[in-house]
Each structure stands twice: as structure tokens, then as C-alpha cells.
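Asker: Sequence:
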Amino acid sequence: MESLVKFVQDEFVSRKDLPEFSAGDTITVYYEITEGQKTRTQFFRGVVIQLRGTGSSQTFTIRKMSGTVGVERIFPINLPAIQKIEINKKGKVRRARIFYFRELTGKKARIKEAIRR
16 MESLVKFVQD EFVSRKDLPE FSAGDTITVY YEITEGQKTR TQFFRGVVIQ LRGTGSSQTF
76 TIRKMSGTVG VERIFPINLP AIQKIEINKK GKVRRARIFY FRELTGKKAR IKEAIRR
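Residues in the sequence shown are numbered consecutively from 16, following this note's numbering.
These are computed hints drawn from the structure, not numbers from a lab.
Check the hints yourself; a few may be wrong.
Unchecked claim - Calculated lysine-lysine pairs in the DSSO-like style (CA-CA distance at most 30 Å, straight line):
| no. | residue 1 | residue 2 |
| --- | --- | --- |
| 1 | Lys-79 | Lys-107 |
| 2 | Lys-123 | Lys-107 |
| 3 | Lys-127 | Lys-104 |
| 4 | Lys-127 | Lys-31 |
| 5 | Lys-107 | Lys-122 |
| 6 | Lys-123 | Lys-105 |
| 7 | Lys-122 | Lys-105 |
| 8 | Lys-99 | Lys-21 |
| 9 | Lys-31 | Lys-21 |
| 10 | Lys-31 | Lys-105 |
| 11 | Lys-79 | Lys-122 |
| 12 | Lys-99 | Lys-127 |
| 13 | Lys-31 | Lys-104 |
| 14 | Lys-21 | Lys-79 |
| 15 | Lys-53 | Lys-21 |
| 16 | Lys-53 | Lys-79 |
| 17 | Lys-127 | Lys-107 |
| 18 | Lys-127 | Lys-105 |
| 19 | Lys-31 | Lys-99 |
| 20 | Lys-79 | Lys-104 |
| 21 | Lys-31 | Lys-122 |
Sequences are here, hints too, so could you generate the full structure?
Answerer: Here you go:
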């Protein structure tokens with residue numbers, strides 16, 4: 016049964032060309048918002064906390080600081096409203112899910128930039 020579901024997802028779910036990113040990277044997600052009849056593009060820039068799931072059900076969580084309040088947003092990878100994803104900085108972290116990042120503030124909440132060649 017699982018192989019049948021995977022086959023249908025691979026065949027019929029449209030995939031977007033999105034860049035490869037992982038936890039610790041700072042990215043900007045541009046997505047479309049519909050307000051009544053009008054649509055506009057809004058962006059959300061923050062640090063990727065986690066990638067979760069596989070295939071078409073994959074999601075990623077982004078965290079940003081808005082003043083002194085932390086804001087997290089979960090985006091499905093195949094969300095039709097996502098227009099593009101921009102990678103601003105590649106971060107060097109040791110874990111796949113950096114939930115400890117939620118408790119850090121100030122200078123401790125910095126992530127070293129990875130030197131990738």
C-alpha cells in the first residue's frame with residue numbers, strides 16, 4: 016500500500032525547483048497572500064529550525080525574531096503559494112532539529128556560517 020501511495024505522489028504531485036537547505040540555514044520564503052480579490056507577495060525571513068517528513072508531505076519550520084517575540088511558521092514544501100525560496104546564509108549546526116535555538120537570546124542566538132565549497 017505504501018508503494019502505491021509513493022507512486023501516486025511521484026507521478027501526480029507537481030514538484031517545484033527549490034534549493035537544497037537544511038537546519039541552521041537562514042532563508043527567505045516568498046509566498047502569495049490573497050486578500051479578497053487582490054493577491055500580493057509577502058516574504059518571511061528566518062532560520063530553519065527543522066525539516067520534517069518525506070515526499071509531498073514534507074514541511075519545514077522557520078523561526079524569526081519580531082522585536083522581542085519569536086515567531087515560527089511551518090511551510091509545506093509543495094505549497095502552491097510559495098513562489099521562491101532564497102538562501103541567505105548557510106549555517107553550521109550539529110543537529111537536524113535545533114529546538115534549543117528557541118531558548119537562546121542575544122549574542123548566543125547566532126549561528127556560525129558554514130564554509131562550503
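Asker: Give a verdict on every hint.
Answerer: Hints and how they fare:
1. Lys-79 <-> Lys-107: 17 Å, holds
2. Lys-123 <-> Lys-107: It holds: about 14 Å lies between the C-alpha atoms, which stays within 30 Å.
3. Lys-127 <-> Lys-104: 9 Å, holds
4. Lys-127 <-> Lys-31: 29 Å, holds
5. Lys-107 <-> Lys-122: Between Lys-107 and Lys-122 the Cα gap is close to 16 Å, so the pair holds against 30 Å.
6. Lys-123 <-> Lys-105: 17 Å, holds
7. Lys-122 <-> Lys-105: 18 Å, holds
8. Lys-99 <-> Lys-21: Roughly 25 Å between the alpha carbons, so the hint for Lys-99 and Lys-21 holds.
9. Lys-31 <-> Lys-21: With Cα atoms ~17 Å apart, Lys-31 and Lys-21 stay inside 30 Å; holds.
10. Lys-31 <-> Lys-105: 21 Å, holds
11. Lys-79 <-> Lys-122: OK: Lys-79 and Lys-122 at ~15 Å, within 30 Å.
12. Lys-99 <-> Lys-127: 25 Å, holds
13. Lys-31 <-> Lys-104: Roughly 21 Å between the alpha carbons, so the hint for Lys-31 and Lys-104 holds.
14. Lys-21 <-> Lys-79: 33 Å, violated
15. Lys-53 <-> Lys-21: 36 Å, violated
16. Lys-53 <-> Lys-79: 27 Å, holds
17. Lys-127 <-> Lys-107: Roughly 6 Å between the alpha carbons, so the hint for Lys-127 and Lys-107 holds.
18. Lys-127 <-> Lys-105: The hint holds at about 9 Å.
19. Lys-31 <-> Lys-99: Roughly 9 Å separates the two Cα atoms, so the pair holds.
20. Lys-79 <-> Lys-104: Given pair Lys-79, Lys-104 holds - Cα atoms ~14 Å apart, limit 30 Å.
21. Lys-31 <-> Lys-122: Judged against 30 Å, a Cα distance of about 36 Å means the pair is violated.
When held up to the earlier numbered hints, the structure conflicts with 14, 15, 21 and fits the remainder.
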